[in-house]
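Q: With these hints in hand, go ahead and build the complete structure from the sequences.
Residues 1 to 183 in the UniProt record's numbering are what the sequence shown lists, from first letter to last.
These aren't lab readings, by the way, just hints derived from the structure by calculation.
These numbers come from a predicted model, not from an experiment.
Among the hints, erroneous ones may be present.
PhoX-like mimics (lysine-lysine), calculated; alpha carbons at most 20 Å apart, straight line [to be verified]: (1) LYS3 with LYS47; (2) LYS69 with LYS153; (3) LYS47 with LYS69.
Restraint-style ranges between C-beta atoms, simulated for each label pair [claimed, not checked]: (4) ARG113 with LEU38: 24 to 32 Å; (5) GLY10 with ARG48: 20 to 28 Å; (6) VAL21 with PRO72: 20 to 28 Å; (7) GLU168 with VAL124: 17 to 25 Å; (8) ASN160 with ALA136: 18 to 26 Å; (9) GLU83 with GLU168: 14 to 22 Å; (10) ARG18 with PHE66: 22 to 30 Å.
Idealized CB from N, CA, C, for every residue including glycine.
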Amino acid sequence: MLKEVIVVEGKQDIAAVRRAVDAEVVATGGYNLPPHVLAYLDQAYRKRGLIILTDPDSAGERIRRFLSKRYPQARHAFIPREEAKSEDDIGVEQASPAAIRAALAKVRTQEWRPVEEFTWRDLVTARLTGAPEASARRAAVGARLGIGFANAKTFLRRLNYYGVTRAEFIKALSELEAANDSA
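A: Right, here's the structure in full:
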């Protein structure tokens, strides 16, 4: 059983996570968290820690930002968008148990004082912005680094805020190039 409490958005997400791992899972019920849920999360954060695992969409990102401000030492797990899709829906509940376990294996903590290791130039040079394939490349690199899919601005912030090292970044880019060469 995981020590930390996993925070998801809804009841179906709870079921999906419980199919993947043995853990306590709490649903926010959306962006307007009820006071009793916040009180429980406050206690869990102090005593056990939290892992935030929200949907890889704009609503999930908004909830993640809110929770990150309230719980700055919470850990973060990201499921790649392509692994959280089913027909026209996207979310944790659509992810396979293997995808959820993989996301939890790459959990990251937001840095209290982010290191400005990466710049916009790094994204341009790596063709993660300003190139026709930039969105797909960010998705693939984000999955390899465990920081998820994001637009270029948010991706750069995640690189710096989640403690990604230059070596990890270069390795992820190399793996992407190798995968593209073999395809």
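Q: Taking 20 to 28 Å as the hint, is the beta-carbon distance of GLY10 and ARG48 inside that range?
A: Holds, at about 21 Å.
Q: So does ARG113 sit 24 to 32 Å from LEU38, Cβ to Cβ?
A: Since the Cβ atoms of ARG113 and LEU38 sit about 26 Å apart, the hinted range of 24 to 32 Å holds.
Q: Between the alpha carbons of LYS3 and LYS47, is the straight-line distance 20 Å or under?
A: Holds. LYS3 to LYS47 sits at ~10 Å (cutoff 20 Å).
Q: Just to be sure I understand the hint, the distance between the Cβ atoms of ASN160 and ALA136 should be within 18 to 26 Å; is that true here?
A: 22 Å, holds
Q: I want to verify a distance hint. Is the separation of the beta carbons of ARG18 and PHE66 within 22 to 30 Å?
A: The hinted range 22 to 30 Å holds for ARG18 and PHE66, with Cβ atoms some 24 Å apart.
Q: Sort out whether LYS69 lies within 20 Å of LYS47, counting only the CA atoms.
A: 18 Å, holds
Q: That 17 to 25 Å hint for GLU168 and VAL124 (C-beta), does it hold up?
A: 19 Å, holds
Q: Quick one: are GLU83 and GLU168 within 14 to 22 Å, going by C-beta?
A: Given about 20 Å between the Cβ atoms, the range holds.
Q: Please verify whether LYS69 and LYS153 have alpha carbons no more than 20 Å apart.
A: Within the cut-off at roughly 18 Å; holds.
Q: Given a hint of 20 to 28 Å, does the C-beta separation of VAL21 and PRO72 actually sit inside it?
A: For VAL21 and PRO72 the Cβ distance comes to about 24 Å; the hint holds.
The earlier numbered hints are all upheld by this structure, with none contradicted.
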